[in-house]
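As a plain string of letters, each chain reads:
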Amino acid sequence: MDVTPPRKLSELFLGFLAIGARSFGGVMPWAHRTMVEERRWLTPADFAETIGLCQFLPGPNIGNASIVLGKRWFGVTGSIVAFLGLMALPFIWVMALGALYLEWAFHPTVRAVVTGVGAAGAGLFMGTALKLGRALVRRPAALMLVAACFLSVGVGRFSMLIVLPVSAAIGVFFARRGWL
Amino acid sequence: MILADLAITFGVLSIIAFGGMPAVMPEMQRLVVEVKGWTTAEEFIQLFAIAQAAPGPNVLIVSLVGWRAAGFAGAVVALLAVCGPAAVLSWWIADLWERFKESPWRLAIQRAIAPLVVGLTLSGGYVLCTPSTPDWRLWAIAAGSVTAFLTLKINPLWILAAGGTVGAFLL
Chain A
152 MDVTPPRKLS ELFLGFLAIG ARSFGGVMPW AHRTMVEERR WLTPADFAET
202 IGLCQFLPGP NIGNASIVLG KRWFGVTGSI VAFLGLMALP FIWVMALGAL
252 YLEWAFHPTV RAVVTGVGAA GAGLFMGTAL KLGRALVRRP AALMLVAACF
302 LSVGVGRFSM LIVLPVSAAI GVFFARRGWL
Chain B
525 MILADLAITF GVLSIIAFGG MPAVMPEMQR LVVEVKGWTT AEEFIQLFAI
575 AQAAPGPNVL IVSLVGWRAA GFAGAVVALL AVCGPAAVLS WWIADLWERF
625 KESPWRLAIQ RAIAPLVVGL TLSGGYVLCT PSTPDWRLWA IAAGSVTAFL
675 TLKINPLWIL AAGGTVGAFL L
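Chains as they are written, first to last, in our numbering: chain A, 152 to 331; chain B, 525 to 695.
Okay, chain A solo, but in the shape it has when bound (with noise of 0.2 Å):
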């Protein structure tokens, strides 16, 4: 497959622009969308390779993936482009929603519905996690840690700054190990 990465400053701020504008339900789709399938800057191999780092590092995966592919095609300037083309429009969006439900809020249907969707915005993170655990199921040592994150940080309310070092560390001992 042919792939042309953006020329221009421009090309790339729309692009991010284009990937913002639309992610109704999740971003990844869109940004696979836009940039393999419309605008074809990246192989799809190469957006996995690039959306696999990003899961890995810290911080809002599409948000680290603006900062990376700017970096690669413009350097600093591609970065911050990009980043701003990402954010314009989501930031407008849930801004005026915010604004909108407070208007409303004091409408007790209104807190309802909206609870609502919170409640199932919360399944879709455990539908999430559950997917991703799948690959886990026959490793007792990662379900261990699975549990023990679960129980300190969700149940136990325990602060992750304690538990995500310590954790971490039981990970890594595993991994090497060969138990992960």
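By construction, these hints were calculated from the structure, which means they are not laboratory data. Treat the hints with care, as some may be off.
Facing chain A, from chain B, some residues (calculated, C-beta under 7 Å) [what the hints assert, rightly or not]:
#1 Pro-579
#2 Gly-580
#3 Ala-597
#4 Ala-618
#5 Leu-620
#6 Gly-688
#7 Val-690
Even for Gly, the Cβ is constructed at its ideal location relative to N, Cα and C.
Please arrange chain B on chain A, whose structure you already have, making use of the hints.
The following block gives chain B in isolation, referenced to the frame of chain A:
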């Protein structure tokens, strides 16, 4: 100074958000609701809902929290703070990562992080559904959402819409 407080709080979250925003959601809720008191637990799930339903990265919940805490400036500061440190790290690591492609340590770290992300993302869902005392109605909606997500191949937006509809009658 509340803007500085927002910047530090979300800046720290940025650095520990391995696996992206879902994994850091329980810590964000704990800090925003329990430690800082910027929103109530009920309001937090509602701001989360707005950020999920709006198009764009779900990280934008931080702008809504920042806005509630310190107005428009708070919204901008919170977003930049939660993206900034991670962005600098990405900028730096992108090339390094390529160089260590075959390193056994890279593989070990990747394998170690996967179960943590699963456990933390599960925690995020759990914490959102448990504002103060466990609420069976929120759990029922979340359970329906998990089932739909895992069995149907539809845009998650439909699942959110269904959750809102059920919420109107149940909550």
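These are the hints, each one checked on the structure:
no.: 1; hint: Pro-579; result: holds (5 Å)
no.: 2; hint: Gly-580; result: holds (2 Å)
no.: 3; hint: Ala-597; result: violated (12 Å)
no.: 4; hint: Ala-618; result: holds (5 Å)
no.: 5; hint: Leu-620; result: violated (10 Å)
no.: 6; hint: Gly-688; result: holds (4 Å)
no.: 7; hint: Val-690; result: holds (6 Å)
Of the numbered hints listed earlier, those contradicted by the structure are 3 and 5.
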